[in-house]
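Asks: Let the hints inform the model, and build the full structure from the sequences given.
Chains as they are written, first to last, in the numbering used here: chain B, -3 to 308; chain V, -3 to 308; chain E, -3 to 308; chain G, -3 to 308; chain L, -3 to 308; chain P, -3 to 308.
Think of the hints as simulated: they come from the structure by calculation, not from any bench.
Nothing here was measured: the structure is a model prediction, and the numbers come from that model.
Some hints here could point you the wrong way.
All copies of an identical chain are treated as equivalent in the list; a pair is satisfied when it fits inside any one copy or across any two copies.
To be verified - Straight-line Cα separation of at most 20 Å, SDA-like style, residue types lysine to any residue; simulated pairs: (1) Lys49 to Asn139; (2) Lys49 to Thr92; (3) Lys49 to Arg161; (4) Lys49 to Ala182; (5) Lys49 to His109; (6) Lys49 to Ala157; (7) Lys49 to Ala61; (8) Lys49 to Pro60; (9) Lys49 to Ile263; (10) Lys49 to Ala114; (11) Lys49 to Ala131.
Listed here are the chains, written in short residue letters.
There are 6 protein chains.
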Amino acid sequence: MTAGQPLHADSAAQPQRPRHSISPPAALDPGAVPSFPPPEADGDESWVWSQIKAEARRDADAEPALASFLYATVLSHPSLDRSLAFHLANKLCSSTLLSTLLYDLFVATLAAHPSVRAAAAADLVAARSRDPACAGFAHCLLNYKGFLAVQAHRVAHVLWAQSRRALALALQSRVAEVFAVDIHPAAAIGKGILLDHATGVVIGETAVVGDNVSILHHVTLGGTGKAVGDRHPKIGDGVLIGAGATILGNVRIGAGAKVGAGSVVLIDVPPRSSAVGNPARLIGGKKGEDVVMPGESMDHTFFIQQWSDYTI
Amino acid sequence: MTAGQPLHADSAAQPQRPRHSISPPAALDPGAVPSFPPPEADGDESWVWSQIKAEARRDADAEPALASFLYATVLSHPSLDRSLAFHLANKLCSSTLLSTLLYDLFVATLAAHPSVRAAAAADLVAARSRDPACAGFAHCLLNYKGFLAVQAHRVAHVLWAQSRRALALALQSRVAEVFAVDIHPAAAIGKGILLDHATGVVIGETAVVGDNVSILHHVTLGGTGKAVGDRHPKIGDGVLIGAGATILGNVRIGAGAKVGAGSVVLIDVPPRSSAVGNPARLIGGKKGEDVVMPGESMDHTFFIQQWSDYTI
Amino acid sequence: MTAGQPLHADSAAQPQRPRHSISPPAALDPGAVPSFPPPEADGDESWVWSQIKAEARRDADAEPALASFLYATVLSHPSLDRSLAFHLANKLCSSTLLSTLLYDLFVATLAAHPSVRAAAAADLVAARSRDPACAGFAHCLLNYKGFLAVQAHRVAHVLWAQSRRALALALQSRVAEVFAVDIHPAAAIGKGILLDHATGVVIGETAVVGDNVSILHHVTLGGTGKAVGDRHPKIGDGVLIGAGATILGNVRIGAGAKVGAGSVVLIDVPPRSSAVGNPARLIGGKKGEDVVMPGESMDHTFFIQQWSDYTI
Amino acid sequence: MTAGQPLHADSAAQPQRPRHSISPPAALDPGAVPSFPPPEADGDESWVWSQIKAEARRDADAEPALASFLYATVLSHPSLDRSLAFHLANKLCSSTLLSTLLYDLFVATLAAHPSVRAAAAADLVAARSRDPACAGFAHCLLNYKGFLAVQAHRVAHVLWAQSRRALALALQSRVAEVFAVDIHPAAAIGKGILLDHATGVVIGETAVVGDNVSILHHVTLGGTGKAVGDRHPKIGDGVLIGAGATILGNVRIGAGAKVGAGSVVLIDVPPRSSAVGNPARLIGGKKGEDVVMPGESMDHTFFIQQWSDYTI
Amino acid sequence: MTAGQPLHADSAAQPQRPRHSISPPAALDPGAVPSFPPPEADGDESWVWSQIKAEARRDADAEPALASFLYATVLSHPSLDRSLAFHLANKLCSSTLLSTLLYDLFVATLAAHPSVRAAAAADLVAARSRDPACAGFAHCLLNYKGFLAVQAHRVAHVLWAQSRRALALALQSRVAEVFAVDIHPAAAIGKGILLDHATGVVIGETAVVGDNVSILHHVTLGGTGKAVGDRHPKIGDGVLIGAGATILGNVRIGAGAKVGAGSVVLIDVPPRSSAVGNPARLIGGKKGEDVVMPGESMDHTFFIQQWSDYTI
Amino acid sequence: MTAGQPLHADSAAQPQRPRHSISPPAALDPGAVPSFPPPEADGDESWVWSQIKAEARRDADAEPALASFLYATVLSHPSLDRSLAFHLANKLCSSTLLSTLLYDLFVATLAAHPSVRAAAAADLVAARSRDPACAGFAHCLLNYKGFLAVQAHRVAHVLWAQSRRALALALQSRVAEVFAVDIHPAAAIGKGILLDHATGVVIGETAVVGDNVSILHHVTLGGTGKAVGDRHPKIGDGVLIGAGATILGNVRIGAGAKVGAGSVVLIDVPPRSSAVGNPARLIGGKKGEDVVMPGESMDHTFFIQQWSDYTI
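Replies: Structure representation (structure tokens):
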């Protein structure tokens, strides 16, 4: 991959997204620079929160057995960040890390970092838009361990940046135990992220993940093990990484690229191209044809035809 | 896959099973139509329960440190379904989903659905028969997270069918967190199922799994991501799916087929044939030779010879 | 693999290791006989413990929010084994297996088996030496679920050897649920082990793992499923097994060998050679060149060049 | 006390009670025979339950912070006895007596004993009618430890009668620890009981308490300590016992009698008379004047004038 | 008691207090008007907090087994109110009232009501000054259930005043269960309060307690039971109420009065006089002689000589 | 009370006690010197422990619902002190004081102090002998909060003597909250103690309690409040103190004396005499007549005849 090869897609090439129409879907910009933290999107936050409340109220009315849970986690809270702080604190606490301590930490961090709150809202929109099995925003907020793991990571990432490393690592450890998602607090993760199913995801210390990326379960963004320095993958905007894919070393997966399920990727993957197999081979890329980024379209089986062609 | 291709094996071809002789092993019919829910097998239930009680009593006598656990989970209960409800409730509860609520839910569902109870008994017999490391029925009931995840799924599946979707999804989420097994409540799972080790298993919304199927850990029955409709695999009776295999899309894995460990399967696999590799290739099938279905014989390394031939 | 093929490396080839000068990583003796339990190394234990206390004290001073956790888990204990027993008991306990019972069990077992304590110390040194993301011994002790899973396994292994099998299996089950690491209590594991990230590791009943082995997450040392006998892999000293690798059957992975990420290995791998791909192929080995065993050097991407050569 | 001295009041003197018109307080029939268990009153049960649900719904709407609690304890349950079983199980459970076990026990006992359910409803009506600080039926059900202690006692009493004494005593012990109310499971307690504040109440093995009795906190119905036989007080219908009163030995407190706060009573107290002081003296009784029994009127300070007269 | 009879002492009569010299003791004004909430005393708050931190640090250094507890409850918090909110939340939480919810409630209430914080500080000074067994401010904050009960009451009182009655009553109930102290949220309690030992204290709805009052365990400030209106005692400033005393009805206990242990008081007690016995008799008062109010001098046995004189 | 007045009874007057023939109640030697800690009585310990095991086994067989509890608390332990340490740790633990920490503390203290173990055994014999409602040794060990509070106190007393005061006070506080029994760790308590019902017992810092004393609930051994020095009661051997009695100041209650229920005692009580009333009066004592000390005969109503005589 040459130095000029972009991690982010050419935003000029992006037409309107015809996404699963949720009314009105927040118009995430897939071509945005993969900066982290992402810019403010407060409008999204309050709109998503109102949706979550409405869904939770509907479910509480329909299912009394779940109403207590829904009031505790959603309906008794004044905002998305309080709800999220409460839910995470009660999931990640242990006999030696009390929920009240974690709640304090999450409330304070979310209050001080609007970008972390905005990214949470963007992740909710991402799950709702991309995952056909996602029954609603509240479903994602309450039940998606990938979503919860990413939010806890963002708080750990803030702590890491503040040199509160022991606490950040303790948080990483709890997330790894409770959600089976292991993200080093130093890793930089964009917004609009979907970790679908999420079990077994591992993201290393110097990894960077852009915006609007979709990562299935068992995906590894691993190191080379060689040295202490920059040794993990850099994932561009709008990338889709299939289940069980293993990407190792300081390689670049260009914006809009796709990595097939079960692939082992040790090389750069150009933007809007695809990599499949073990070891992964590049199988073309029809740049300019797709109007939707694969990280958003979630076409997991894109490579069937191509691969068949290739392998036979 | 053609319309006539059967998901279930040709039952006429099935002789007596020479399974690991447990005396007397319940005679599961591997050629049964992969219907769900399965027919009643109350005899099995009570026989298995009496075995579990005997094993638990033996272990409680031999190991006082474990006696409290065994009395709480097994020996204080009048039936398999109460024991199972108790054990699941205490494993899946959280600070916001109390064990008493879950216990109520499990007791009521198991009481009202004999087929769910019978399937649990069949799963216990399956684990006992197929897994050489299975030390007994009680061992499976108490310690196999794959077994427990499947039983919780069956309850969630009933709730889903009753349109109690929010509760079904909350249950799925707890199972995914506690057991690292993520089965969508809409997925239809047969009886006589063995999820061995189970960590990381993902089964999608429109997947169907027949009877007497054995699935190792890290197996994905995933969607194509393309659309909302029928998009997940259909697994026939008696299929064996090796560790880490990824099967994507609405493909059919025929009755008695085998999928090799680490395979990535994007195509139909005919009955009694095998698929290995990434991407998976079909490597023949000696229909009529095997007297035992692979989902039951658990021959994980069937493909060594064949594959070696193929790949060299 | 012939009878004479060594599981352990040629110790004559090993230079002196300048231990505990952590940077550059301590080169643990890869040529040691893969015996288990390992010989006494009490000096290590006390030195590591003093390091852990110093790190915990530093972190407690710097981060009041974590001080309570650090005092509870480390600073209030007189020795590494008491700290470990406390930490494991509080992590593995459940509503039906109380922490006090587990604590008793761990304290008694560690007190009676110096080799288990020594192996724990060796594992800490291994993590500290090999994992660039390891922030210290205390970090590993408190936060590495792979480390904790292995220590709990060693206790279960002792129980198994004492024919306290029901208790050993109950412990295995808790480890599988809490850490998503499933090691059969009968499996023999050496010392100086690093289970990095660890989610999804499965090690079967008759597996043997030598000393100074590094195993990444999602690795399976699985059985053939055929029979009850010796059916799992034998891993030599100093082996490195990459993320997601699946090794099946009673095959031998020779000392100093490397198994690539995502590989499916069904054959013996000679010492100091490498196996990559699905199915795995041997891609040479430069015996005599390396002074450090791969299990310690952690070069995950060794096979890029070789593989590229091979596959193109 | 002569043999003919009635423990119950003269029922002929009782006018019709205008029940459930809570203000003015419902005048429960004090002349009922102090039988135990009391007769069925299912109509009351369902009426009270509908009131509780309405109150809980009102409070959940007004106070989101409490809604989760109210749904968990009241609004998710189909009946008073399920709500009560849930609430008691979660209050009385401990690390060695799991909530699911207790819930099972309470549900089964309440289902099999309508009189226990009816007595619970009568106690709720009693608290609502007599205690000016009682904010509603739900308030009493959820917050009155005296009410909860009495309900748990009734279950223990059933167990005792079934010769399940070890379990009955374990339940007594939990009630004594959690609510600081110590009632021996053999003690027979009527219906329409109000234990106001309740801390420190002790009721011994052979004590009998009639219907519609009000007992303040710190009251002891104690034994003589002399022997194993019948050695505790017998309290008639409609009796009021003030705070801190100590009644010792097999004495009879006649129907409609009053015992002053802080009194130490070692003698029989005739019906509708009063006892005050340490040691208690009888201070008259204006039989026939009161239309409401003191246990229901709750006039704690009745003895001021009389006592002043007496003591000066 | 005439209308003009003061509940507060004659402040002009107050010389310097020679209290247990703690350097420098906050100079509480015993003659202050028994208003509630009390005026700001922020200086006290920060001074007391610095003392608590110093004591906790000393104890954590001396007793590693307690260090985790001390860091969790005191040393990790930035202020007295956060420490108190944390400690109360973890003590009063239950399976249906989560600690995070209570913590939120306590933090918000204490932040919004400086007078509640100041009263807490004054109570700590009171305990430290008056109770010879009080080992320090931290001892009181962490271990005195009377102190903790009063602080929780103050929060409940604020909620009551805000018409959040269901929540206030739920809080009262938890305090009654956990600390065996039952204070109606409507009761008005001054500052500088010592509830010594505290078990069994009951304070009714319309009770008023002035400043610098000391109340021993088993004390009842009870109602008459007659009606809904103003029916509980009014306790003046600087009053001392001995163990087991029962004060019933809307009577006034004048400033600086003493009530003997075990007394039953049904009448007004003039300022600086004493009441003893059952029923209580007034035994004089040497107004002007005492330089310290009894609520602060804690002379429990004042009445021995006087009573002996009186009763013989 | 003169200086020479003995706190312990005249041992010469004591016949041989036919111990352990529980029915009739074992007559413990009331004339033993009230030393603390008491001498070794290991024989008792093992005999009592064998009884407890037999009772627990009987109950576990008869009541499966309780078997888990009985195995956890009794049947899985090798000795009385381990069982006691386990049971206390699980009762007294909190979210900030973990059960494993307390268990460690109790195990270590009981192991190092045989006299504390012997005193526990003597207390069990005392409860079994004196309390007609005591169903067995196991009943007392598991269910008597008075028994458990005293054992925890003895551990706190050891800590206090070792100048581990902060930990001793924390333990006192947990006992006061959980059992509503408040005993200052500095108080010296003999052996063969029965705290019957126990709610609300308060024993101050400089109190001394001899051997074979029986104390009912709500009893206060309180201070004068005047000063820091020796200010609490000294209770001789074999004393019986009735429910709700309040004894204040550094007074001496002679060996074999009785204090009536509800009494307020401010004066010395000679050996084998009785004190009743508020304030308490001495009502004679028939020294030499009783062969059994009142603390053991538990005659609570001794004073009825005498008092009647006296008061009329």
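Asks: Classify it for me, Lys49 with Ala61: is the Cα-Cα distance of at most 20 Å met within a copy, between copies, both or neither?
Replies: both (17 Å within a copy, 15 Å between copies)
Asks: Quick one: Lys49 to Ala182, C-alpha cut-off 20 Å, is that within a copy, between copies, both, or neither?
Replies: This pair counts as neither: shortest intra-copy Cα distance 33 Å, inter-copy 25 Å.
Asks: 20 Å Cα cut-off: does Lys49 pair with His109 within a copy, between copies, both or neither?
Replies: neither (23 Å within a copy, 30 Å between copies)
Asks: Could you figure out if Lys49 and Arg161 sit no more than 20 Å apart (CA to CA) within one copy, between two copies, both or neither?
Replies: between (35 Å within a copy, 17 Å between copies)
Asks: At most 20 Å between alpha carbons: which applies to Lys49 and Asn139, within, between, both or neither?
Replies: within (15 Å within a copy, 29 Å between copies)
Asks: Is it within a copy, between copies, both, or neither that the alpha carbon of Lys49 lies no farther than 20 Å from that of Ala157?
Replies: Answer is neither: 33 Å inside a copy and 25 Å across each miss the 20 Å cutoff.
Asks: How do Lys49 and Pro60 come out at 20 Å by Cα distance, when the copy is not named: within, between, both, or neither?
Replies: Close inside one copy (16 Å) and across copies (12 Å); limit 20 Å.
Asks: Give the relationship of Lys49 and Ala114 under a CA distance limit of 20 Å: within one copy only, between copies only, both, or neither.
Replies: For Lys49 and Ala114, the Cα distance is within 20 Å only inside one copy (17 Å; across copies 38 Å).
Asks: When Cα atoms must be at most 20 Å apart, do Lys49 and Ile263 count as within-copy, between-copy, both, or neither?
Replies: neither (45 Å within a copy, 42 Å between copies)
Asks: How do Lys49 and Ala131 come out at 20 Å by Cα distance, when the copy is not named: within, between, both, or neither?
Replies: Within one copy only: 14 Å inside a chain, 30 Å across chains, cut-off 20 Å.
Asks: At 20 Å max between alpha carbons, let me know whether Lys49 reaches Thr92 within a copy, between copies, both or neither.
Replies: Between. Shortest inter-copy distance 17 Å satisfies the 20 Å Cα cut-off; intra-copy 32 Å does not.
The structure is inconsistent with the numbered hints 4, 5, 6, 9, although it conforms to all the rest.
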